[in-house]
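So the sequence lines, in the order shown, correspond to chains P and A.
Residue 217 is where the first sequence ends in this note's numbering, and the numbering goes up by one at each step.
Residue 281 is where the second sequence ends in this note's numbering, and the numbering goes up by one at each step.
Keep in mind that the hints are not guaranteed to be accurate.
Here are the in silico distance ranges between beta carbons for each label pair [stated by the list, open to error]:
{"hint": "1", "chain 1": "A", "residue 1": "Ile-277", "chain 2": "P", "residue 2": "Asp-118", "range": "19 to 29 Å"}
{"hint": "2", "chain 1": "A", "residue 1": "Leu-194", "chain 2": "P", "residue 2": "Arg-112", "range": "39 to 49 Å"}
{"hint": "3", "chain 1": "A", "residue 1": "Glu-41", "chain 2": "P", "residue 2": "Ala-36", "range": "46 to 56 Å"}
{"hint": "4", "chain 1": "A", "residue 1": "Asn-274", "chain 2": "P", "residue 2": "Leu-117", "range": "19 to 29 Å"}
{"hint": "5", "chain 1": "A", "residue 1": "Lys-240", "chain 2": "P", "residue 2": "Glu-166", "range": "31 to 41 Å"}
{"hint": "6", "chain 1": "A", "residue 1": "Gln-159", "chain 2": "P", "residue 2": "Asn-141", "range": "18 to 28 Å"}
{"hint": "7", "chain 1": "A", "residue 1": "Lys-108", "chain 2": "P", "residue 2": "Asn-141", "range": "18 to 28 Å"}
{"hint": "8", "chain 1": "P", "residue 1": "Asn-4", "chain 2": "A", "residue 2": "Ser-209", "range": "53 to 63 Å"}
{"hint": "9", "chain 1": "P", "residue 1": "Asp-118", "chain 2": "A", "residue 2": "Asn-274", "range": "47 to 57 Å"}
{"hint": "10", "chain 1": "A", "residue 1": "Gln-216", "chain 2": "P", "residue 2": "Glu-93", "range": "51 to 61 Å"}
{"hint": "11", "chain 1": "P", "residue 1": "Lys-6", "chain 2": "A", "residue 2": "Gln-216", "range": "46 to 56 Å"}
{"hint": "12", "chain 1": "A", "residue 1": "Glu-134", "chain 2": "P", "residue 2": "Ala-36", "range": "48 to 58 Å"}
{"hint": "13", "chain 1": "A", "residue 1": "Gly-25", "chain 2": "P", "residue 2": "Leu-117", "range": "22 to 32 Å"}
Covered stretches of chain P, going by a simulated chain A footprint (3 or more residues, C-beta under 8 Å) [said to hold, decoys possible]:
{"hint": "14", "stretch": "13 to 20"}
{"hint": "15", "stretch": "60 to 74"}
These are calculated hints, taken from the structure and not from any lab test.
Heads up, the beta-carbon is just placed ideally off N, CA and C, and yes, glycines get one too.
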Amino acid sequence: MEINKKVTIIDYQLGNLFSVNQACETVGINAKISSAKEDVFQADALILPGVGAFIEAMNNLAKLDLISPIKDAVEAGKPIFGICLGQQLLFTESEEFGSGNGLDLINGVIKRFAEELDGKKIKVPQIAWNKIYKQLKSWDNTALCEISDEEFMYFIHSYYVKPTAEDCVLTLTNYDGIEFCSAISHNNIFATQFHPEKSGEKGLSIYKNWAKKYNLI
Amino acid sequence: MKAIRVIPRLDIKGPNLVKGIHLEGLRVLGKPSDFAKFYYEQGADELMFMDVVASLYERNSLHDIISETAKKIFIPITVGGGLRSISDIKEVLRAGADKVCLNTAAIKNPELIKEASRMFGSSTIVVAIEAIKEAEDKYLAYTDNGREYTGVDVFEWAQKVDELGAGEIVITSVDREGTGQGYDLDLVSKVSGLVSCPIIAHGGAGKKSHVVDVLQKAQADAVMISSIFHYDFIKHNESKGSLLEGNVEFLKQKRNFHTFEPCCINELKNALVNHNIECRL
């Protein structure tokens, strides 16, 4: 059976989309990198990647006239997969370089890692492979269905999300004593703070199972 | 506890993977993509590609190697060598690099660190510091593979780099690099204590215990290693470097340095875990 489902990797001109695109290709997702709102409208699902600064990202999305198209699409039920900064953009607001407004699809704020905890220095950014573990939510029937509890994933970030409601928290991670939410799932929204496309073969399974869940492959 | 990273470093000259001593006297070891693939399968946490002649020609020529590698390898890739400007950085990121490593350009124009980290995110910008020991507790930063004198104090420079927004620092002991005599623990430990970002220790790993030492005694957050992995690779694998460039005698003879005890990534990581150092197996 030929599948013609299309996924748009939203390019707002920050960070490396090469490996996200490569991960899609490897698992068979028909993906296209684009900054055009038509591609947001026409896609069957969206990937919102990103490395960099929150404010810069939101400014770029505004300049490209992508904010309402993304919000409308997601509110209408289109699946979206946010990665790293892309996860943070889904939230209400950020503390990074002064506070700014996000896409506000999930209630919550973006916080910066404290540089000290109980008198001990914490290295920021976190640049490390770290474990993701379960809280309340099961990983069955999610993109994480092939991942075991306490699997290592690759993180590179100074900020993390703090959802208002706990029921969207899919994974937690502890960085040097600070526990934070490292992946969320809420209706058609799935997002990770870690980079599945940089987390080896296990990471690729997350792309594959996200796509399978929404019949994209 | 937090997991440390083991980062194989691939020094590249033209089409070949090379290895020097004190960052000089380069020998050809083989084809970079063969090594990269092997290290990925072995559980490398990241890879570092350094164009070691880029500064000489003022350009980075790794785009093709990076693109080829990033198609098959799903771990972070850092690229360094000859990156002078925002547009140079943009170009290697487009080619598939996840992070860039700056040295010469950062010392000449520290504002580049600030500008680049605002634009691409702090975590994308790695700054390499090549340190040569002048006296007890006195190190100077060099550029161009330890050849160019700058007069800049390493500890002051590390703090400045941190303040300007670099995401991490590779601290290289040029004195130890390629010698297999062990990391310079004083150097790494002092830099690590002075900055808030993660520190990658580089230069001197000759055997497993050296790596344990720098992680336990010098508070490194990651280790960068060439010789012991490369020599292990060529012992067990064939990799044909281009014979048109560089010194290939070493490779033909399958010779080894007695100062090194080669081992593979997996072996090293198991040794670390046995010493209660957390890492991804």
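Now the hints, each set against the structure:
At about 22 Å, the beta-carbon gap between A:Ile-277 and P:Asp-118 stays in the expected band of 19 to 29 Å. Between A:Leu-194 and P:Arg-112, the C-beta spacing of about 21 Å breaks the proposed range 39 to 49 Å. Separation of A:Glu-41 from P:Ala-36 is about 38 Å and departs from the stated range, judged on CB atoms against 46 to 56 Å. Here the CB-CB span from A:Asn-274 to P:Leu-117 is close to 28 Å, well matched to the stated 19 to 29 Å.
As the Cβ distance of A:Lys-240 to P:Glu-166 is approximately 56 Å, the hint placing it in 31 to 41 Å is violated. The hinted window of 18 to 28 Å between A:Gln-159 and P:Asn-141 is violated, with their beta carbons roughly 49 Å apart. Evaluation of the 18 to 28 Å hint for A:Lys-108 and P:Asn-141 yields a failure: the beta carbon distance comes to about 54 Å. Look at P:Asn-4 against A:Ser-209: about 57 Å separates their beta carbons, and that is inside 53 to 63 Å.
For the hinted restraint 47 to 57 Å between P:Asp-118 and A:Asn-274, the CB-CB distance of approximately 28 Å leaves it violated. Restraint check, A:Gln-216 to P:Glu-93: a C-beta distance of roughly 41 Å breaks the suggested window 51 to 61 Å. Between P:Lys-6 and A:Gln-216 the Cβ separation comes to about 51 Å, which falls inside the hinted range of 46 to 56 Å. Taking 48 to 58 Å as the suggested C-beta distance range, the pair A:Glu-134 and P:Ala-36 conforms, at roughly 56 Å.
A:Gly-25 and P:Leu-117 have their C-beta atoms about 45 Å apart, which leaves the hinted 22 to 32 Å range violated. Only residues whose C-beta sits within less than 8 Å of a C-beta in chain A count toward coverage, and the stretch 13 to 20 of chain P has 5 of them, enough to reach three; the restraint holds. Coverage of a stretch by a chain is defined here by at least three residues with a beta carbon nearer than 8 Å to that chain's beta carbons; for the stretch 60 to 74 of chain P and chain A the count is 0, and the condition is violated.
The structure is inconsistent with the numbered hints 2, 3, 5, 6, 7, 9, 10, 13, 15, although it conforms to all the rest.
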